[in-house]
Amino acid sequence: MEISVSDLRAIRAVSYREVIRFLRAKSRIVSSIAIPLIWFCAFGLGLGSAFGVRHGSLEYAEFLAPGIVAMTALFASTLSGISIIVDKEFGIIKELLIAPVSRFSLVLGKLMGGMITSLLRAIMITILFCVILELHVGILDFLGVLLVISLIAIGFGGFAIAIATKMESLEGFGLIVELFVMPIFFLSGAFFPIERLPGWLSTAVLLNPLTYGVDGLRLFMLGTSSFSMLHSLGVLIGFDVAVMLLAAYFFERSGV
Amino acid sequence: MNEHVIQTTNLTKQYGELKAVDNINLSIRRGEIFGLLGPNGAGKSTLIMMLTTLLKPSGGMAEICGYDVVKEPNKVRKCISAVFQDHTSDEWLTGWEYLHLHAGIYNASEARIEELLKLFNLKDWENTTIKQYSSGMRRRLEIARGLIHCPEVLFLDEPTLGLDVQTRQMIWSYIESLNREEGVTVFLTTHYMEEADKLCNRVAIIDGGKIVALGTSEELKSVLDHNIVTIKVKNPETVMQILQELGVESETQGNTVQVHTTNSGISEIYDLVRGMQNDDVELFNVKKPTLDDVFIHYTGRDIRDEVSEHRHHPLMRKGFRRGFI
Chain A
1 MEISVSDLRA IRAVSYREVI RFLRAKSRIV SSIAIPLIWF CAFGLGLGSA
51 FGVRHGSLEY AEFLAPGIVA MTALFASTLS GISIIVDKEF GIIKELLIAP
101 VSRFSLVLGK LMGGMITSLL RAIMITILFC VILELHVGIL DFLGVLLVIS
151 LIAIGFGGFA IAIATKMESL EGFGLIVELF VMPIFFLSGA FFPIERLPGW
201 LSTAVLLNPL TYGVDGLRLF MLGTSSFSML HSLGVLIGFD VAVMLLAAYF
251 FERSGV
Chain B
257 MNEHVIQTTN LTKQYGELKA VDNINLSIRR GEIFGLLGPN GAGKSTLIMM
307 LTTLLKPSGG MAEICGYDVV KEPNKVRKCI SAVFQDHTSD EWLTGWEYLH
357 LHAGIYNASE ARIEELLKLF NLKDWENTTI KQYSSGMRRR LEIARGLIHC
407 PEVLFLDEPT LGLDVQTRQM IWSYIESLNR EEGVTVFLTT HYMEEADKLC
457 NRVAIIDGGK IVALGTSEEL KSVLDHNIVT IKVKNPETVM QILQELGVES
507 ETQGNTVQVH TTNSGISEIY DLVRGMQNDD VELFNVKKPT LDDVFIHYTG
557 RDIRDEVSEH RHHPLMRKGF RRGFI
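Chains as they are written, first to last, in the numbering used here: chain A, 1 to 256; chain B, 257 to 581.
A portion of the hints provided could be inaccurate.
[Said to hold, decoys possible] FRET-style restraints, in silico, Cβ to Cβ:
1) A:G91 <-> B:A367: 25 to 31 Å
2) A:S27 <-> B:D380: 26 to 32 Å
3) B:E438 <-> A:I127: 20 to 26 Å
4) A:I127 <-> B:L274: 39 to 45 Å
5) B:A367 <-> A:L140: 40 to 46 Å
6) B:A367 <-> A:L246: 26 to 32 Å
For the record, the hints were derived by calculation from the structure and aren't laboratory data.
Using N, Cα and C, we set each Cβ at its ideal position, and we do this for glycine too.
With the rest of the complex left out, here is chain A (with noise of 0.2 Å):
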C-alpha cells in the first residue's frame, strides 16, 4: 500500500478536524473526565476501602487506577466510529471521499484524530490518579503509559471504524458497542488480577487485547505486571495491525 504526499496531507487534515471537534464540545471534556473519575471513586474507594480489598502490597483504589486510564482509553476510541456515523449521516463524508486521496488515508486520519483525543483525555486521566493516590511515575514510564494508550486508541478505534462502515444510525452503532465494550472493559483485568480465575473467564480474558493494556499500563504505572512488557506491547501491535487492515478493507468495500 502506498501513501503519497497528499495521503499525507489528507491524515493530517483529517486528524486535525477529530481534535478541534472534541475540544469544541465542552460536555465531551467535562464527561471525558467525570466518567472514568466516577467509576475510579464507586470502585476504587468505595468497594476497595468498603470490603478491605488489597493486592499484595497495593490497596484496590491504586490496583484499578490503571485499568481506569485503559477504560478512558476505550470509551474514547469508539468515539472514531461515532464521528464516522456523523460523517456518514449529514454526508460530510462525500466531501472527504471526492478528494483525490485514498481511502485508507481517511481511516487513517480518523484513527490518529482519536489517538490524539485519547491521549488527551487519558494524559488527564493519568496525573489526577497520580495526585490523588500520591504515585510516582518517571518521565520514561510515563512516556510508556502513552505509547500503551496509543495502542489502546488505535485497536480499539479500527475496530470502532469497521463496525461504523457497516452501520446506517447512531442508535444501532450505540448498541452493537455496548454490546462489546463493557464485556472487553470487564474481561480486561481492570477490576481483578487474572492469576487465579476459574479456567473459562481465564480463557477470555487471555484473548481480550485490552487485558495486556492494561497490564502495561499497570507495569508502567505500578512497576508491577502480569506479562513482561514485550509480551504485552508485542499483543497490542499485532492486533493494532490486524484491526487496521480490517477498517480499511471495510471502508474501502463500503459505498458510503
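Start from chain A and add chain B according to the hints.
For chain B alone, kept in the frame of chain A given last:
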C-alpha cells in the same frame, strides 16, 4: 484539450429491477452551465454520484476531463469538485477552519482561502463557527470549499434547495460570476424551473432515469408551438366576429378575449388589433410557453405536484382532512 469536459455513453445504474439512471448520453462543453431538471427520484443525484466517482455505474461509461470515472477515479477527483444537496460543512468548525482543512487536503494556498472568502463575501464571518451561519451563508461557504483547488468542473446538487427567493438569486449571481471569472464548467441539478431557465446555458429534462429533452431553454420552449394571446377591448364582440371570419376560435370573458394560437398566428392577430382604433385596445398580451409547460409536455405532469407531495407527509394530509390542523 478536449472540448467536452463531461462525456457519458449509455451510463446506467440499476438497483435490482429499478433503473435509477437509464442509458444516459450527455456531452457537456467546457465553460458551460448545464442544468439537469427533474422531479425528486428522477435519477439526478444518482447521476451526480456516478460522475463524482462516489458510485460505480452498472453499465456504460463516463469520462470527466478525458478520464474514466471507474478506471481513473483519482485523476477525475483532481479536476472535479461537488457541493451536495444537504449541508455537508462541519458545524463545529469556523468558516476559515473549514476552508483551511480542505486547503490542506488539496494543497491549496492561504491566499486562495482569502480570495474565496472575499469572492463569497464571508470574510467578516471567517472566525464564526458554521453552526451560527444562515442556510445561504453555509451554501456559499460550501461552494467556496468546492472551488478551493480551482476545479475544472463543479457539480452542484440542488444548490438552492430550501433557500428563500432572495438568497437563491444571490447564489445564482455567485455561480454566474465564478463561471465567468474562473471559467469553471458547472453541472447542476435542480427542480426549480426558474433556476434552469435563468442560470443554465443548456438544460436537460430527466424523468424516470432517462433524458427526455435537451437544449437551451429557448429551444425547449420553441418545441411547444402554442401561445395564449389575451386582448382586452371595449367591444369584444367586434373582435370575436373578425376572429371568427379568420377561422380562429376564441373565448370571451367580460371585455377580455383569449385566443390559443401557433407562433405564426400571433402576428396575424397582432395585425388585426393594430387595425383597430387606438383607444379601443386596453391590453394585448402574449403568453409564450414556459419551461413548466415544456416539463409537463415531456413528463406528463407538473413538477410542483411532485414537490408538494414530498412536502406533505401522508399522515399530515390525513390530519388536514380530519380538521386536526
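Results for each hint:
In this structure, G91 of chain A and A367 of chain B meet the distance hint of 25 to 31 Å, their C-beta atoms being roughly 29 Å apart. For the pair S27 of chain A and D380 of chain B, the beta carbons lie near 29 Å from each other, so the given range of 26 to 32 Å is met. Distance hint check: the CB atoms of E438 of chain B and I127 of chain A are about 51 Å apart, inconsistent with the given range 20 to 26 Å. Distance hint check for I127 of chain A and L274 of chain B: the Cβ-Cβ separation is about 58 Å, which falls outside the suggested range of 39 to 45 Å.
Separated by about 45 Å at the C-beta atoms, A367 of chain B and L140 of chain A satisfy the suggested range of 40 to 46 Å. Look at A367 of chain B against L246 of chain A: about 41 Å separates their beta carbons, and that is not inside 26 to 32 Å.
Consistency note: the structure conflicts with the earlier hints numbered 3, 4, 6.
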